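Full structure from sequences and hints, please.
Number of protein chains: 2
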Amino acid sequence: MTTRPTPPPGEFLYLLAGDEDDFTNACADLLPVDIAESLNDLPVEAAVKVAARLPFHIAVEVFDEPSLERRDELVELLPDEVAIPLIQAMSADQQVRLFRSLKEADRARLLHVLDAPTRDQLRLLMSYPPQSAGGLMTTEFVSVPESWNARQVRQYISQVGDAKETVYAIYVLAEKTQKLLRVLSLREVVIADPETLVMEIGEGRKPISTRPFTDREEVARIISKYNLLAIPVLDDGGHVLGIVTVDDVIDALISEQTEDVQKMGGMEALDEPYMQIALGSMVKKRAGWLCALFLGEMLTATAMGHFEHEIEKAVVLAVFLPLIISSGGNSGSQATSLIIRAMALKEVTLIDWWRVAAREFPAGLALGTILGVIGFLRIALWQSLGLYDYGAHHWLVGLTVGISLIGVVLFGSLAGSMLPFVLRRIGFDPASASAPFVATLVDVTGLIIYFSVALMILRPGG
Amino acid sequence: MTTRPTPPPGEFLYLLAGDEDDFTNACADLLPVDIAESLNDLPVEAAVKVAARLPFHIAVEVFDEPSLERRDELVELLPDEVAIPLIQAMSADQQVRLFRSLKEADRARLLHVLDAPTRDQLRLLMSYPPQSAGGLMTTEFVSVPESWNARQVRQYISQVGDAKETVYAIYVLAEKTQKLLRVLSLREVVIADPETLVMEIGEGRKPISTRPFTDREEVARIISKYNLLAIPVLDDGGHVLGIVTVDDVIDALISEQTEDVQKMGGMEALDEPYMQIALGSMVKKRAGWLCALFLGEMLTATAMGHFEHEIEKAVVLAVFLPLIISSGGNSGSQATSLIIRAMALKEVTLIDWWRVAAREFPAGLALGTILGVIGFLRIALWQSLGLYDYGAHHWLVGLTVGISLIGVVLFGSLAGSMLPFVLRRIGFDPASASAPFVATLVDVTGLIIYFSVALMILRPGG
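Those protein sequences? They're chains A and C, same order as listed.
Okay, so the first sequence: first residue is 1 according to the working numbering, each after it adds one.
Okay, so the second sequence: first residue is 1001 according to the working numbering, each after it adds one.
Calculated from the structure, these hints are not laboratory results.
Among these hints, one or two may not hold up.
Unchecked claim - Incomplete in silico selection of chain A near chain C, CB under 8 Å:
(1) E146
(2) W148
(3) G265
(4) A301
(5) L323
(6) S327
(7) S331
(8) I340
All of these numbers come straight from a predicted model, not from anything done at the bench.
For each residue, glycine too, the CB sits at the ideal point set by N, CA and C.
Written out as C-alpha cells, the structure is:
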C-alpha cells in the first residue's frame, strides 16, 4: 500500500494487442506519473505507440509529468495531429521545458503551428533563464477583481478550477491597473462568509512575491520560510507574470542538490541519471575536472623537485609525506563543506568572511594540535617499541612531523573555509570548491610547510 | 517587495516601552515567521518578555514556527499560566518537536499539567523516531464519513478549517471501521456539484499513503513524485494515524541535505547553524573523523617504510608520489559522490552494485589512461626541455608514472563507487563515504601500486 508498484513495461505492449476498451480501462487505473515511468522503460518506438493510444486527457497529464523522459523525442515522433493539441493542452511551465529540449528545427516548426496566444506566452517564458523564477513559473493561476465577494470567487473556481495549475492561492488584482493587491488562500475563501468582499478576507498583509530573474534556490528558500503553496512572480510594475508552485520548487531543490553533490565530488554536474548517461559523456564530464586537478597537483612534483636534495639526506622525511599532506586536505574539506552549506542556507554571506576566518583560526589550531600530538606520539612509540628505526634524530623527526601537522591543518582549515568566498566573489558557484579542489590547493602548501619545518629543525642535515 | 525585511531586533524592545496598542498593532503587521526571527536575535530574557506580551493567537503562530530557536528555553522561562495554554494550542507536530528538546524534568512537569487528550497524543507521537513519517506527522487533519456529500464537506471545512494544519486534503473514512477509503483534494470538493457523494468525487484511485516508520527521505520522495500537498500515515489496519504536509517535507529535505553535505565533507553533522554552534562543540564534531582519517592514513607511513630502501635508490620516485596518490583520491571522490546521489534518488539500489562496477571499470580505465598519457608527456617534456633531470632512466620513470596512474585511477574509481554499497550493506549512511574517507582508503593502495610498478620497471635499481 505504501507506494504503488510501477506496472511492468511489458504490460503496455501486451495491452496494445488487446482491444481499445481494455487499454483505456487499464490506463484509468494508473496514475499519470506511473504511466510516465512505464513509458521511460520502453524503447522509444514502443513508447510512441502507447502514447498515441492514450485517451487524450490522460496523455496530457502524462506529458505534464516532469519525470517523463525523452519528451522531446516522443513529441517529434508523434504525428502532428496528435502532438499539437497535446502541446496546446500542457501546462505552461511544462511546455517551456519541452521546447527547451527540442531540436532547433522542431522548435521553430512546432512554435509556428501553435495558436498565437500559446506561442506568445511560450516565447515570453522561454526568455527567462531556466533556473530562475521566470523559467520555473506557470501562467495558469486564478486571479479575481477586487470588487468580488467570497461567493463569486468560489463559483469562479468551481468553473475554471480544472484548468489551473493550482487553485489554492487566489490573486486579487486592482480593477484598473491589474496590479496585485492581495493573495488569498482557498482555505480563507472557503471559510469566509459568502458575502464578504475579497479585500476583507484574511489578514490583509502585503503579499510575499518574487521577481522573474530571482534564482530558483532563493525562490525555494522564500517558499519554505513562509510555508507557501505558490509564490507570485511580479514585474517592475507589480503585475503578476506567473506563479511558481511548491511542487516545482521541490523538484528544483532536488536537482540543485544533485548538482551541488556532484560538484563537491570534483566534477561537472551530470544532468542525467547515473545509470542512463552514455559512458562517453560521463567520462567527458569527469575528465575535465580530473585533468585540471591533475595539472594543479603537478605543482607538487615541481615543489618536491626543490626538496630532492633534502629527501636524499633524510629519506625518513618522505615516509610521512602522504600522512601530512592528506591531513591538510581533510581538514580543508571539512571546512569547505561547512561553509558551502552555510552559504546555501544563507547562514553566511560574503561579508561574513572575516567572522568565519576568526572561527576557523582557533578551530584549525585546536585540530592541528590534536593531530600533531598523535603524530608525535606515534613516532615516539614505534621508535621505543623498536617497530621502526627513524634514525639517530628520531626526536627531531617526531617534532618536525608534529609541528608541521599544526601548520598544515591550520592552513587547510583557513584555505578550505575561504575558498567558497573567493569563488562566490569572482562569480562561481561555491559548491565547485570540492574536496579534491581543496586538497590540491593544500597539498602543495602542505609539503612546502613540511620541508620548511624540517629544514629548520633538522638543519644541518639529518 | 521580494521578501520582507526582518524588523531590527531593537524594534521590539522599543515597542515594549510603548503602550499596549502600539505593540499589538506592530505585531499584527508582521508575519509570525518574521516575529520568530526577531526573537532569535534578542537575548533570551528579552525574547521571553516580548513573547509574554504577544497577543495569544499571534504567540501561538510564532511558537508554531519551526524557525523559532530556543523554543525550549522560552517555554521554560515563561510563567506556566502563559506557557500551558500556548503549548495546548500549538500544532501536534510542533508540540512534539518542543517536547523532544525540553530538559527531562521540564518535560515530565509540563506533560503532567497538559489536558489528557493532548498528553496522550503527544506520548504517541513521541514514540516514533524523529526522522520517520510518524515523527514528522501531525494529527490535525480533516476527515469525513463516506456518506457525506460535497456540500456537507464544504460546510464542515468552513467551520473547522481554521484549526486544521491543512484543509487541502480531505480523508474519507469508512463509517464502521474508520479505515481510509479515499483522499479528496479541496479543489475536487470545491469543483464538485454540492449533492455529489464524497465517494463519487474525483477519480476514485486508491490513496497513496505511507507508514509511521518510513524514513523522511522516502516520504519526501513519494510526496515529490506524486505532487502531493500531504500524505496520510496509516497503521497496519489502514487507519489514519496522522498526515505529513509538504512544508514539513521541504524542511526535512533541507536538513537531510545539510547532513549529507557535512558527512560528505568528512565529519559528523553539526545539527546547528555554523555561526551559532559553540567553537568547542564544532571542534569536537570535526576532531572525531579527522583523527579516524589520520589513524587510517598512518598506514601510508607504514607502507612507505617498506619502500624506504627503494626511495633511497631512486629519490626521483618520491617526487611523483603526491601527484599519483592524489589522482586516485580524486577519481574515487568523483565516483563516490555520483553513487551517493544516485542512491539518494533511488536511481541505484544495493542489487545494482555489479552494474555500477561494470560502468566504473571502463570509465576508470579511460580516465586513468588520459592522466597516464599526460603524466608521461610531462616527464618527457621537462626532460627534453632541460627543466629537470630525472636521471639516466628517465624514460622508465615516465613509464612507471604513466602505468601507475592507470592502475591508481582505475582502482580509485572502483573503490570509490563500491564504498557506498558496502556502507549501506552494513547499515551505515552511504553519505558517510566522504571524499576524505575515500582518499584515505585509496592513498595506501595507490602508493603500493606505484612502488610495485616501479619495482617491476626499474629493477634492478635506478
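Report the numbers of all earlier hints that the structure fails to satisfy, in ascending order. 1 and 2
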